[in-house]
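Asker: Residues per chain, in single letters:
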Amino acid sequence: MKVGVVTFPGSLDDADARRAVRVAGHEAIALWHGDHDLQGVDAVLLPGGFSYGDYLRCGAIARFAPVMTEVVDAARGGMPVLGICNGFQILCESHLLPGALIRNDHRKFGCLDQTLTIENNTSAWTSSYAVGQQVTIVLKNGEGSFVADDKTLDMLEAEGRVIARYVGNPNGSQRAIAGITNEAGNVVGLMPHPEHAVEGLCGPGTDGLGFFTSLGSVLA
Amino acid sequence: MARVVVDVMPKPEILDPQGKAVLGALPRLGFDGVTEVRQGKRFELEIDGDLTEDRLAEVNAMAETLLSNPVIEDYAVRVVS
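If you're matching them up, the sequences are chains A and B in order.
For what it's worth, this note's numbering labels the leading residue of the first sequence as 1, then goes sequentially.
For what it's worth, this note's numbering labels the leading residue of the second sequence as 1001, then goes sequentially.
I should point out that these hints are in silico values taken from the structure, not numbers from a laboratory.
Some but not every residue of chain B turned toward chain A, in silico, with C-beta under 10 Å: (1) L1066; (2) V1071; (3) I1072.
Straight line, CA to CA, 27 Å or less: simulated DSS-like cross-link-like pairs of lysine-lysine: (4) K108/A - K1041/B; (5) K1011/B - K151/A; (6) K1020/B - K1041/B; (7) K108/A - K1011/B; (8) K1020/B - K151/A; (9) K1020/B - K108/A; (10) K140/A - K1020/B; (11) K108/A - K140/A.
Glycine residues also receive a C-beta, built at the ideal position from the N, C-alpha and C atoms.
Bound conformation, chain A alone (with noise of 0.2 Å):
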């Protein structure tokens, strides 16, 4: 499956993101922000970072970025697309996720391994893990504070679309929610870094790897 990353002026973890997306046996394809051009993958990742420095409001310049015309469009034909941290909030900015990330309640960066509970495993990226796994990854955000209104969050809870929930809660996210889907299933965003655990050597972990190679499951 040929996975695109896309890179935005100040994206970070897309080098990680194209090396998870290869562990787990994908082809990863460097995209431009600058591009409307998708070149022919089969699903998008939107890495963390800082992108546009992160001024205005998190994901709000990028969302308007070129690339995001097609990710956009690909994403509502149903193509598999994951955001993570600044993606994360790049997909809420973009309206394709509901809610928004503010500042963490505790003002502080936090950077710490952070244990999590899949809740859904019939998205396009969690089907490889079981309800209730407890999977530990690298948090590592100042602004990974999700929230939305009460009707949005009852909304999210009872169509089963909160796909992991933190175990404690470490920057104030409503209801400790760590990531979600849309209705579809295809368009995730997730605040921790999975693909940050997927090697033995470093991180804490190979318990992010199941977010990529769900996607085999997709296409079979």
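Following the hints, position chain B against chain A.
Answerer: Same frame as chain A, now just chain B:
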């Protein structure tokens, strides 16, 4: 030429950690009696030509699509000159 100001504020129900940080700093500097601080953004736009109703509607569209995120923020548009 006209100058239009767009004020963007976090919605009342949204936690404002930056405002809280400022609120915490004030008493440390000896400024007492402040019970709440909310921090927002102010945009000053210089608009070319006459500020017609259509142009003002466009400014509102700018405020809604880019300058603010309606999920977490409210905005107010006012013409200052």
